[in-house]
Structures are given as structure tokens and as C-alpha cells.
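K.L.:
Line by line, the protein sequences are chains Z and F.
So the first sequence is numbered by the working numbering: it starts at 3 and just counts up by one.
So the second sequence is numbered by the working numbering: it starts at 3 and just counts up by one.
These are calculated hints, taken from the structure and not from any lab test.
Model, not experiment: these values are computed from the prediction.
The reader is advised that the hints may include incorrect statements.
No copy is singled out in the list; a pair is fine if it fits within one copy or between any two copies.
[Claimed, not checked] Below are the SDA-like pairs computed for lysine to any residue, each with C-alpha atoms no more than 20 Å apart in a straight line:
| hint | residue 1 | residue 2 |
| --- | --- | --- |
| 1 | 228 | 255 |
| 2 | 417 | 131 |
| 3 | 53 | 414 |
| 4 | 53 | 375 |
| 5 | 228 | 94 |
| 6 | 53 | 289 |
| 7 | 389 | 300 |
| 8 | 243 | 360 |
| 9 | 417 | 310 |
| 10 | 243 | 77 |
| 11 | 228 | 38 |
| 12 | 192 | 157 |
| 13 | 228 | 258 |
| 14 | 183 | 24 |
| 15 | 286 | 420 |
| 16 | 53 | 355 |
| 17 | 192 | 161 |
| 18 | 228 | 90 |
| 19 | 417 | 352 |
| 20 | 243 | 150 |
The residues making up each chain are set out below.
Protein chains: 2
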Amino acid sequence: MTEQDTLQQFQAVTESLESGSTMQTRYLLNGALPAQDVARLLESSPPKERKLLWDLIDQKNEGEILQYLSEEVSTQFLSQMGTEELIAVTEQLESDDLADILQNLPETVVTEVLASMTAQDRLRVESLLSYPEDSAGGLMNTDTITIRPNITVDIAFRFLRRHSSLPDMTDSLLVVSRTDKFLGTLPLTKLLVADPNTSIREIMDTETTVITASTPENEVAQLFEKLDLVSAPVIEEASGKLLGRITIDDVVDVIRDQAEHSMLSMAGLDDDEDTFAPILYTSKRRAVWLGINLITAFIASYVIGLFQATIDQIVALAILMPIVASMGGIAGSQVLTLVIRGIALGHISSANTRWLLNREILVGLINGLVWAFVVALLTSFWFDDIKIAYIIASALIINLLFAALVGTLLPITLKRFGIDPALAGGVILTTVTDVVGFLSFLGLATIFLL
Amino acid sequence: MTEQDTLQQFQAVTESLESGSTMQTRYLLNGALPAQDVARLLESSPPKERKLLWDLIDQKNEGEILQYLSEEVSTQFLSQMGTEELIAVTEQLESDDLADILQNLPETVVTEVLASMTAQDRLRVESLLSYPEDSAGGLMNTDTITIRPNITVDIAFRFLRRHSSLPDMTDSLLVVSRTDKFLGTLPLTKLLVADPNTSIREIMDTETTVITASTPENEVAQLFEKLDLVSAPVIEEASGKLLGRITIDDVVDVIRDQAEHSMLSMAGLDDDEDTFAPILYTSKRRAVWLGINLITAFIASYVIGLFQATIDQIVALAILMPIVASMGGIAGSQVLTLVIRGIALGHISSANTRWLLNREILVGLINGLVWAFVVALLTSFWFDDIKIAYIIASALIINLLFAALVGTLLPITLKRFGIDPALAGGVILTTVTDVVGFLSFLGLATIFLL
């Protein structure tokens, strides 16, 4: 099934909805389209259509669709459900997905949903709820297949055959002691080629990467990426007891979120920004960012104001000054983006900061010289004034050097103070390149032209 | 092993290198550190140290480390090797990694490396080389375990036991006909719970997602994410023959690259930008982007120049004009970022463009009104001039509306013409918000203040 097919199906749903053919829409939403596509369709729909579509989905299908929805959108539906419906819907979910959903619901509702579950399921979900959502404990699932080390391969096969099915993404059996202490893993690929009479203890991997429940999710993602894991056991740090396992499908979500986080933050947007959220809600969120930027814009204007007298005499300065500021901003944001990515990938540490700074300043100098020459040439033709050309060229070089300096050191410093460089970096950088740009250009002009 | 440990190990290598203790460094690089960490260390090192470290790595370990290096860095090392060394090193690589590497080497070297291989291996690699690197064919591996449909589960077990080991990430056996035509998959989890006397044909999945060799890699990634796959078979479109399989570890790389692509492109950076590449090389790459932005900066200056006479009379305009342009740029880049992400996630199509545009224009209007009021207030205090306050407020609203319009429609239009919206979007948007910002503010001032 290609992207094209999906688009055509979307079109089909939209058309059947518009034509008022409820039957046809119902048919598409309840089985004809895979749950993942229905989820995407809901996320791609404006609020009103989204609600209409959701109402056409049979209750028995809601659970499966819910787990593919972003948190923002699923909470929207769940918060409007009665407790009974909630219980019916959540019954079909895996324990980790259920825990994620419960985390966004009011305390009283959570208690009622938990009360409706069997004792064993409740214990599982409660244990998941006790870990932060962005830790290994919050990411894990409790659907492990465990075996004892003292049985033989042949008995393991017979034990497995007693199951009617194994959980998805089961690539290893987890070997535990009588007290549930984690001992090692037995990859299925190893089990399948083993002699039937060997004991599990002899062939299990004991040097498996174990993840403790409190490990932050980004470290979990790095481990999965580094070691090419499909699943990994999660243990309780103090006791060494097996708690569950994390599977690659959940890690892929973390990796995507992580990689997207920087891009969204740099524009002052939230990770869970819903493209189709209500207008007032979105306006309020974005207003904050615009407000912060207004402060920096007024700071830049204040700097220009300092040179009011100079501009009053030479109006060409007002025409040219945005060029210096803008080039500094662009050069700086290139450095900033690269350094933020380098930090995220773990390529940048105190060991190579100085080397990196030297490099960026040299790159800034080279590009400063090249473009200063071009700008000077263009300016001297435009205003027929060689002095202004010299001044704008000098200001450009100064600003590109500052851009390199701030672009490199700012994210590293912010990171050290525990501030997200992707979020705060851009605003501070632009403020610096604006202020330095206007200050150097108008300052030099005041000194040499008046 | 935590992030902290890795950093400490890096420190150890750096120190042992600086202290001239070659023995210690050699020990760390050849076995004491996992290959993935050595790769990261190399990528985090400036060119000179990188070369020094590489020279200390034993030839037998080079192959494993190479496959974890980014293309940019690995090509750097490979291009300096003699053909014999190259053959020795590449012998240890998996066929897909080898094909990726060969794609970056000169034709003559490729021929020699291929000639050194066994006929079977050569055929495999040549078949991989015949597909573009960013297609399913380029992403796949040929290490499949295939079985025939007419054998029983018991015989399948015996067949598997004849292998000394199964390839990593083997989560299913691939069922093929006598002529290698793909028939279905048999997940190991299904095999393990099956009755030994059933035939494979009875229990195999025939509705498996098959990927044709020409499928673009981003579609492959979407399929893996949507269907939570660990591996998927790749077939030749015309004949239906099984060619190989794609595994999640390679798809994770695609997903990360995809997600990073937008962020890097928006700053005019290449995907494979190496944080520690040579200075002249980097300068040249970034210069192009600065040059493009210089053109847009001059366009903005030209617009200001049109109002030279106005600024000459009211210098306050020069002080305030960057505020209007900057707020438009920020608001626009928020919309742009969100729409680019929405397109990448497949949430935005022609079906909801108009709704999205209405929404963004409304958000722009609300924020325009709010911040216009604030700016007007601040301006009237600063310059003690109510007329300028009215004018800047009106210009701000106009610019925020344009920002919403262009931020929404521009990426959708660029995409339709096959232009990468992340790359071209930002420059065009800033040009528009600068021009509209200066034009509306200075234009209104010329009409109402002179």
C-alpha cells in the first residue's frame, strides 16, 4: 500500500462524509481502513470533522485507534467519555499504552478505571504509573515471556508451544530466577539453532544490556540505536528484579520526537503542537513567543535610537543597516543549528569545544571577508560613497565573528545550566547579532562619517 | 553503561592520546571500547586527532567501526586506503553496508574490490549496487533465511538447527517457491507456538507487507513506523522474486535523518554536514546560503530606499521599522515550521489546506491585534506621537496576516513543484515578511505623516 493509496482513502472518507453517506463512512472507519490510517485521518482533520468521525467509530474499535493517536488528540476524546465507556475502551489496550493514557486523566477517573481491572492487570498498570512517562519505566511493557535457567532447550520449546501466541516483537526470552531476579536473555535466533539437550543457562546471554526503570527515555533511545536492539529488559535498580521490557516500536517514537524537538523549539513551538488545535489555544501558545521576540526587537530599536542623530544626517545608513543584522543572524543560526545537533548526537563535549570555537571563528572570518567585499562593492556603486562601503564591510566582518562566537558558546553554556538550547538559543542569538550589527555599523559610521 | 561512562571513556582516550601513551590508546580503541563508541569518538574529533586515532586502530577492527561512521567520515578514510587494505577491511562488512560504501568510491576501485569476492557475494553486492542508495533496494540486506511452503513445522525446526547461527534481527522466515518467488512470511513467534505437524503453508502470513525494490526509503520508513515492523521482505516488482529484507536498525537511521533534515535545511545546512569538516570546505558550503540571503537583504534595503525622503524627515521610522519586519518573520517561521512538519507527517493535503489557511489567518489576526496594541502603547510613550503608534500597529497587523498566508501556502506550493520546502521556505518567507513589513510601515507613514 503506497502513500498514494492512503491519500485516496482519505479522499474517499472526506467525500463520503460530505455527501452525508454515514453508512459508507462508518464502513471505512470500522475495519475497511487500518487503525493506523484512521488515527492519521483523525489527526489530519479540523476539530469539527474530527468529532464527527470519532462519533462514527464503533466503541470496540476505539481502543486500537487510540493507541496510534498523539497524546494531545487522544486526551481530547478520552476527557469527553463517561467512566464506563472509558473502561470498555481501555480494556483492549496494552499496559504501557494504558498507563500513558491514564496519566492524562483526572485522579478520580483513574481510580475507577483501575478498580474495574483484574488484580493482576491493576498491579501491572499501577507499577507502570509509578514511573515518570519519559523514563524507561514509563516506556516499558509488562508482556515478557520468562523462563528459568535450569530447564533444557527442548523443555523451553514445549513451554512456548503451550502459549496460543507470543507477544509482538518477542525476539528473546528473558531468563529469571525463582524470585524474578533477571539473569540473562535468550534470543530466539539462538534458541532455534541450539542443541535440544543443552540447558538454558549454558546458552543464555548474560552480558545483555539491562536498563533500569529510572533511565531517562533519551538514554534508552541512544542505547537502542547504538546496539541495534529490538527489545531490552527493564529491571528494578535495587533488587535486580525484572519489571518488563522496552520494544523498538516505542523507541522509534522517542527518536522521532527527539529529532523533531529541536526544530519545533527553535520556532518556539511545543512538541505536541496539534496542527488542528482550536484557534484561541494556539494563539495563546504562540503569543508568548512573539512577546519574547518583541522584547528583543525593542532592544535592537533602542540601539538604533542611540544613533538617531547620525541617521538624521546620513539616511543611507537606515537603508543599509538591516543587511548587517540579517547576515549576522543567518550565519549565527547556521552555527547554532549545527552545535545544537552536535550536542544532541553527543559529538560535542568540553574536550573539543575550544577546537570547535576556533574552527567556527575561522569560518566566520573567511565568509566575513568574502561577503564584506561583495557588500562593499554593491554599496559603493549604489551610494557612490567609498567610505560607507568600508564601514559596512567592517561591520559585517565584526558581526559574523560575533555570530560564530555566540552560535558556538551559547548552546554549550545553556546546556550546562540545564536550559534547552534549541528553545532559548535562537532568541538570544538574534538579539546579539541585531545589537552587534546595528552597534558596529552605526557606531563606526558615527566615528568616521560625521 | 550510561552516557556519563561514555564521556569518561572519551576523556580517557583523549588524555592517553595527549600524554603520548600510544599503548593505552591502542588498547582502548581495539576492543576495550565497543565499535559504536569508537565511531562516535572519531566523529567527535577534529581532523588531525581523527587521523591519529584511525591510524591506531588495527586493520581487523576497521570494518566493524566503518559501518557505524557517517558516510562523510567513512569515505574520508576509505579514499586514503590502498585497494588491498580496502579489500581486507570490507570483507567483514554486511552486503548492504558494503554496497553503501562502494557507492562513494571510484569505479576502478569498486571493480577491484568486487573481483576479490566470491562469485556469490559479488552477485549479491552487484544486485544491491544496481538500486539507488535511497530506495528499498539500497537499504536491504541479502541475509534472508528462506523455506519452502510444503515442509512441516518440525522439519523447519530441524532445518534451522543446521545453521550455526541466524542473522541478527531475524524475526521471521521468508517462504519462497522453488523459483524464489516470495509467498509469505512465518514470524518466529508463530513458528514457536505451532503444532510440529502443521505445514508451513497453513500457518504462514500471506498478507505480509511486501516492499518492492524501487520504493523510496521515506515510504519504507513510514511503513515500518505505521505497522511496527522489525523486518520486511523486499521483492523484485516484475517477477515477484525475493531479493532481500530490510531491518529496523537501518530504518531507524532513515527516520532520524528524515526528522533532522528539516531542521538542517531550514538553516541551509546539508544533511551530512560534518561538525569537524575542514574549514575551507565548510566555508564554501555555508557561503552559498549567505549569498542567497544577501540578495534578499538587498531587496529589503531597496524597499527601504524607496522611502528615503520619508525617513529623512522622520527619523523615528528608521528606529521602529525593524520591529515590524522582525515580528512578521517570527510569526511566519512558526507557521512555516508547523506546516513543513505537517507535510512530513502526512497530515496536510489538499483536503484540509483551506481550513488550515483560515485557521492560521485567524491566529495571525488575533496575535496581530494583541501585539499591535502593545507595540502602539510602547511607541506612543517612547516617541510621544499617537500617529506613529497607529501606523506601526496597522503595519504589524498587515505583516502578521501576510506571514500566516505565506507561511501556510508557500511550503504546500513548493512541495507541489517538487522543491524542498524546508530548504527554500525560510528564505522566501523572510524576504516576504521583510518587504511587506517595511513597505506597509513606511508606506503608511508616507501617506499619513508627510
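K.L.:
Under the constraints set out in the numbered hints, which ones does this structure not fulfil?
P.N.:
The structure conflicts with hints 2, 3, 4, 6, 8, 9, 10, 14, 15, 18, although it agrees with all the remaining ones.
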